[in-house]
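Chemist: Single-letter residue listing:
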Amino acid sequence: MISWSNFLSQFFNGLASGALLALISSGLTIIYGTLGVLNLAHGAMFMLGGYAGYVAFQATGSFLIAVIVGSLFLVLFGVIFEFVIIRRFYSRPPEDQLLVTFGVGMVLVELVRWGFGSLSLTVPPPAWAMGVTPLGFMIYPTYRLVVLGIAAVALAVLYFVLYRTRLGMIVRAGIEDSTMVGMLGINVDRVFMLVFGIGAMAAGFAGIVNAPVVSLTPDMGDAILVQTFVVVVIGGVGSFPGAILGGLIAGEILSVTSMFNPAYSEVMLFAVMTLVLLLRPQGLLGLPSRE
Amino acid sequence: MFRHRRFLIEGLTALGLVAARFVLPHLNVSPETANTILVWGLFGIGFDIVFGFMGMLSFGQAAFYGTGGLVAAYLVINNIVSNLLLALILGMVVAAIVGIAVGVVALRRTGIYFAMITVAIAEMFFFIENNPLSDYTGGENGLPGVPTPSIAIGSFHYQFGTDWSLFSFTAACYFVGIVIGLRIIRSPFGAVLTAIRDNPLRARAVGHAVGRYKLAAFVIAAAYAGFAGGLLGVVQGFMPPEAFDFDTSGQLVIQTAIGGTGTLFGPMVGAAVWLFLRDFLQSAFGLGATWKLVLGLVFVVLVMFLRRGLIGGAAVLIRRTTTRPAPPAPEQSAPIEAPAIASVGPARRRQEAPFSGPVIEARGLTKAFGGIVANRDINFAVEQGELRGIIGPNGAGKSTFFKMLTCELKPTAGRIIFHGRDITGMHVDDVCQLGLTKSYQVNQLFSRLTLRENVIIAALAERRGTFKLDLLRRIDRVPGLNDQVEGTLQLVGLTARADVPVAELAYGEKRRLEIGLALASSPSLLLLDEPLAGMSPVERAETVQLLKNIRRGRTLVVVEHDMDAMFGMAERITVLHEGALLAEGTPTEIQRNGLVQEAYLGGVAAA
Chain A
1 MISWSNFLSQ
11 FFNGLASGAL
21 LALISSGLTI
31 IYGTLGVLNL
41 AHGAMFMLGG
51 YAGYVAFQAT
61 GSFLIAVIVG
71 SLFLVLFGVI
81 FEFVIIRRFY
91 SRPPEDQLLV
101 TFGVGMVLVE
111 LVRWGFGSLS
121 LTVPPPAWAM
131 GVTPLGFMIY
141 PTYRLVVLGI
151 AAVALAVLYF
161 VLYRTRLGMI
171 VRAGIEDSTM
181 VGMLGINVDR
191 VFMLVFGIGA
201 MAAGFAGIVN
211 APVVSLTPDM
221 GDAILVQTFV
231 VVVIGGVGSF
241 PGAILGGLIA
251 GEILSVTSMF
261 NPAYSEVMLF
271 AVMTLVLLLR
281 PQGLLGLPSR
291 E
Chain B
1 MFRHRRFLIE
11 GLTALGLVAA
21 RFVLPHLNVS
31 PETANTILVW
41 GLFGIGFDIV
51 FGFMGMLSFG
61 QAAFYGTGGL
71 VAAYLVINNI
81 VSNLLLALIL
91 GMVVAAIVGI
101 AVGVVALRRT
111 GIYFAMITVA
121 IAEMFFFIEN
131 NPLSDYTGGE
141 NGLPGVPTPS
151 IAIGSFHYQF
161 GTDWSLFSFT
171 AACYFVGIVI
181 GLRIIRSPFG
191 AVLTAIRDNP
201 LRARAVGHAV
211 GRYKLAAFVI
221 AAAYAGFAGG
231 LLGVVQGFMP
241 PEAFDFDTSG
251 QLVIQTAIGG
261 TGTLFGPMVG
271 AAVWLFLRDF
281 LQSAFGLGAT
291 WKLVLGLVFV
301 VLVMFLRRGL
311 IGGAAVLIRR
321 TTTRPAPPAP
331 EQSAPIEAPA
341 IASVGPARRR
351 QEAPFSGPVI
361 EARGLTKAFG
371 GIVANRDINF
381 AVEQGELRGI
391 IGPNGAGKST
401 FFKMLTCELK
411 PTAGRIIFHG
421 RDITGMHVDD
431 VCQLGLTKSY
441 QVNQLFSRLT
451 LRENVIIAAL
461 AERRGTFKLD
471 LLRRIDRVPG
481 LNDQVEGTLQ
491 LVGLTARADV
501 PVAELAYGEK
511 RRLEIGLALA
521 SSPSLLLLDE
531 PLAGMSPVER
541 AETVQLLKNI
551 RRGRTLVVVE
561 HDMDAMFGMA
571 ERITVLHEGA
581 LLAEGTPTEI
591 QRNGLVQEAY
601 LGGVAAA
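Top to bottom, those sequences are chains A and B. Take the first sequence: its letters are residues 1 to 291, numbered as in our numbering. Take the second sequence: its letters are residues 1 to 607, numbered as in our numbering.
Hints listed in this document are in silico derivations from the structure and should not be mistaken for laboratory results. A hint or two may mislead.
Chain B regions said to be covered by chain A (calculated; three or more residues, Cβ under 8 Å) [stated by the list, open to error]:
{"id": "1", "stretch": "33-42"}
{"id": "2", "stretch": "113-126"}
{"id": "3", "stretch": "160-167"}
{"id": "4", "stretch": "173-180"}
{"id": "5", "stretch": "445-456"}
Now the in silico label distances, taken between C-beta atoms and shown as ranges [unchecked claim]:
{"id": "6", "chain 1": "A", "residue 1": "Val55", "chain 2": "B", "residue 2": "Leu297", "range": "42 to 52 Å"}
{"id": "7", "chain 1": "B", "residue 1": "Pro25", "chain 2": "A", "residue 2": "Thr179", "range": "56 to 66 Å"}
{"id": "8", "chain 1": "B", "residue 1": "Glu242", "chain 2": "A", "residue 2": "Leu119", "range": "12 to 22 Å"}
{"id": "9", "chain 1": "A", "residue 1": "Asn187", "chain 2": "B", "residue 2": "Pro479", "range": "36 to 46 Å"}
{"id": "10", "chain 1": "B", "residue 1": "Gly371", "chain 2": "A", "residue 2": "Thr179", "range": "18 to 28 Å"}
{"id": "11", "chain 1": "A", "residue 1": "Val55", "chain 2": "B", "residue 2": "Ser168", "range": "19 to 29 Å"}
{"id": "12", "chain 1": "A", "residue 1": "Leu167", "chain 2": "B", "residue 2": "Arg319", "range": "24 to 34 Å"}
{"id": "13", "chain 1": "A", "residue 1": "Leu119", "chain 2": "B", "residue 2": "Asn78", "range": "23 to 33 Å"}
{"id": "14", "chain 1": "A", "residue 1": "Gly117", "chain 2": "B", "residue 2": "Asn78", "range": "54 to 64 Å"}
{"id": "15", "chain 1": "A", "residue 1": "Leu167", "chain 2": "B", "residue 2": "Gln591", "range": "47 to 57 Å"}
{"id": "16", "chain 1": "A", "residue 1": "Gly117", "chain 2": "B", "residue 2": "Ala315", "range": "51 to 61 Å"}
{"id": "17", "chain 1": "A", "residue 1": "Arg92", "chain 2": "B", "residue 2": "Ala498", "range": "24 to 34 Å"}
{"id": "18", "chain 1": "B", "residue 1": "Leu86", "chain 2": "A", "residue 2": "Trp4", "range": "47 to 57 Å"}
{"id": "19", "chain 1": "A", "residue 1": "Arg92", "chain 2": "B", "residue 2": "Arg108", "range": "20 to 30 Å"}
Quick reminder that beta carbons are idealized off the backbone N, C-alpha and C, glycines included.
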């Protein structure tokens, strides 16, 4: 039988993993919304963030430094990736963009496999976040609470950047009409590069923050990539609020279903996505005409 | 693209497969490798029809591959079906049925949405197969004990082994698959798929039920995948659960892109490259698992620089060395003369009983976009054989009005009556089949096809109706198609340029083809949205002559900004202003109408 405290703890798990999914998905959706490219290497960038953090953690022993280095490394990677490859694909059909990002994702996975092997690696949570925290009505692993907090803060920062800064205004204008933004004398190339960097950072940051909860494997990004697809399809492709809502919904579906039968949690996730597609094809917070 | 030397490719394929049977063993290729290449190749034929020909990238083909394979393996292992070939076909049928269900959901969207949805649905299959259904599917262990095929005719009995004799069986399957695939892409059905890839909007506007074609192609791909999945079980001796993996779908996409999309043979070539790299890099260079890294890099470079894969690249190379450059475009396109015979019949095949009264009638037509009313309560009627002009300042709502007449846009209120029949709310393709179509203000052509192929696409809808599953019919066997196409080309004066790709046409020629596409569907009522837009004076004169030619036996409604041309052609003119009907009358009446002068000149003339 499912007890009340069991449900609450699963509900919190759902919030934490949902917030992380929201963060990764918002990276995917910002890149797609602004650049018009669906980045199939996004799952691999999530994985890469985890490994970058792992290397930094091994070198310094500090979790904080690991998070910072992991994130910065992904910004750098994103910017270079955009400059060397993605840039050449803006004028090519979407299918080519899918193919090339898919290929880059594969290269990243195999590169990491080559460097670190296929065995899983672990990063321990920082000492102050180990153990459990009594919440009054239940006790809960401290680090998961930290994940929830960090992801919420990161989403808030992203929201601030997108909706309260000049760069964010350009990005949102670029989502509407990037040609027009270029006409207004804004260096769209540089903005695009930066956007790709930010999107990559969102994935990489989530990758390193998530590392203590799961273990690192080279192909850990595959499952995440598929889940972020579900998130953005539910929330509405290209919509930042949609990615957050979709992430939380997906996180809750996964954990609440697994309370009854873990085997069905993913199936339920896709079933809900199908339902959304049938009833509201543009996603919950998406605009109808974006195709 | 629609013309081929008969049986040449089929013959070469048969030769190649027979040669492979005898040559490959001497090259130290294992029969497993050769069989696996053909299984991937067969799997990919269907995928290439959907991706290479119809332009929709599915990342979820593993769902059908796994389903077909599991059904076939389950049936034969549990002795439900004793004949292996029958089991494979049943697996294919089940995969096709599953394809219908998945297609209905996934094909609601296009582009990246379609790709994402197919990924997600395929993952759902993966989890269902692995957990709830694991009693039947063997879960992570797969289904062992799939036998090799055997032939029994009377007292003759032949059992295929697991060695090269099995290759004869897979090669036969592949050959049948490729022959059917070639027939499909050379059929009228296949031609419509390429039209959908190039311009789904226009494919629908000339009268094809695009959604049904997409679903049919998707189901064909599922069927190919299902059969190939079953064959995988036969080749390996057991049905591996990995068939359902995302990696399987991904590998198919990569192999097809490496080999070349839109060729049907691409997936097979890509699979050969993949397996060669795997074996060669692993053994010769001792790279171990790193071979996949090299493969990934090769793939990225290929996508970046060799867009049409290895076969596409090879074809370009052959063409460069064997053909001379195409003749340059003539300085002036063929002039349009009054045709001796009107070879494109104006009347529809399914013309109803002679009808008196207006050809088209709009009653109280209103369209609001949010708070903005683009058309307000318009009443409008055009008589048989009339050439009606519609004018109005920019933003008067002319294009919106046209879109509602052809049912591209659903009116907020009001009815549209065509030949006495209420067509309000019908689909564009059905309306076109009734004999009402439009040429667009901005060219809507099939950009990767030649001029003749463009006209063929439009004429096919007229000849075949909104949807027909004539998968195995040759396109030149469609009755009356050739006359229809040649007649249309002659009418728009583009016969001499018929085999030129659309991308190489001059703007004026494209404009005439735009009208030609509408004409090829033999409309009884043709709407023309700014047919003279952007034309040079010479081209204008030619097009005006063209319009005068095509109006014989047809009713025309023309939106145009060129007043001189309009007043010279039209019998009656309707003036729209700020979304409402301002005036209607003969050109002379309109020219003298004070309200019209005020609308255009802002009251200066009235002062």
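Chemist: The structure should be examined with respect to each hint, and the outcome stated for every one.
Modeler: Structure-based check of each hint:
{"no.": "1", "hint": "33-42", "verdict": "violated (count 0)"}
{"no.": "2", "hint": "113-126", "verdict": "holds (count 9)"}
{"no.": "3", "hint": "160-167", "verdict": "violated (count 0)"}
{"no.": "4", "hint": "173-180", "verdict": "violated (count 0)"}
{"no.": "5", "hint": "445-456", "verdict": "violated (count 0)"}
{"no.": "6", "hint": "Val55(A) x Leu297(B): 42 to 52 Å", "verdict": "violated, 22 Å"}
{"no.": "7", "hint": "Pro25(B) x Thr179(A): 56 to 66 Å", "verdict": "holds, 58 Å"}
{"no.": "8", "hint": "Glu242(B) x Leu119(A): 12 to 22 Å", "verdict": "holds, 20 Å"}
{"no.": "9", "hint": "Asn187(A) x Pro479(B): 36 to 46 Å", "verdict": "violated, 59 Å"}
{"no.": "10", "hint": "Gly371(B) x Thr179(A): 18 to 28 Å", "verdict": "holds, 27 Å"}
{"no.": "11", "hint": "Val55(A) x Ser168(B): 19 to 29 Å", "verdict": "violated, 53 Å"}
{"no.": "12", "hint": "Leu167(A) x Arg319(B): 24 to 34 Å", "verdict": "violated, 48 Å"}
{"no.": "13", "hint": "Leu119(A) x Asn78(B): 23 to 33 Å", "verdict": "violated, 38 Å"}
{"no.": "14", "hint": "Gly117(A) x Asn78(B): 54 to 64 Å", "verdict": "violated, 41 Å"}
{"no.": "15", "hint": "Leu167(A) x Gln591(B): 47 to 57 Å", "verdict": "holds, 56 Å"}
{"no.": "16", "hint": "Gly117(A) x Ala315(B): 51 to 61 Å", "verdict": "violated, 42 Å"}
{"no.": "17", "hint": "Arg92(A) x Ala498(B): 24 to 34 Å", "verdict": "holds, 29 Å"}
{"no.": "18", "hint": "Leu86(B) x Trp4(A): 47 to 57 Å", "verdict": "holds, 55 Å"}
{"no.": "19", "hint": "Arg92(A) x Arg108(B): 20 to 30 Å", "verdict": "holds, 25 Å"}
In summary, the numbered hints that this structure violates are 1, 3, 4, 5, 6, 9, 11, 12, 13, 14 and 16.
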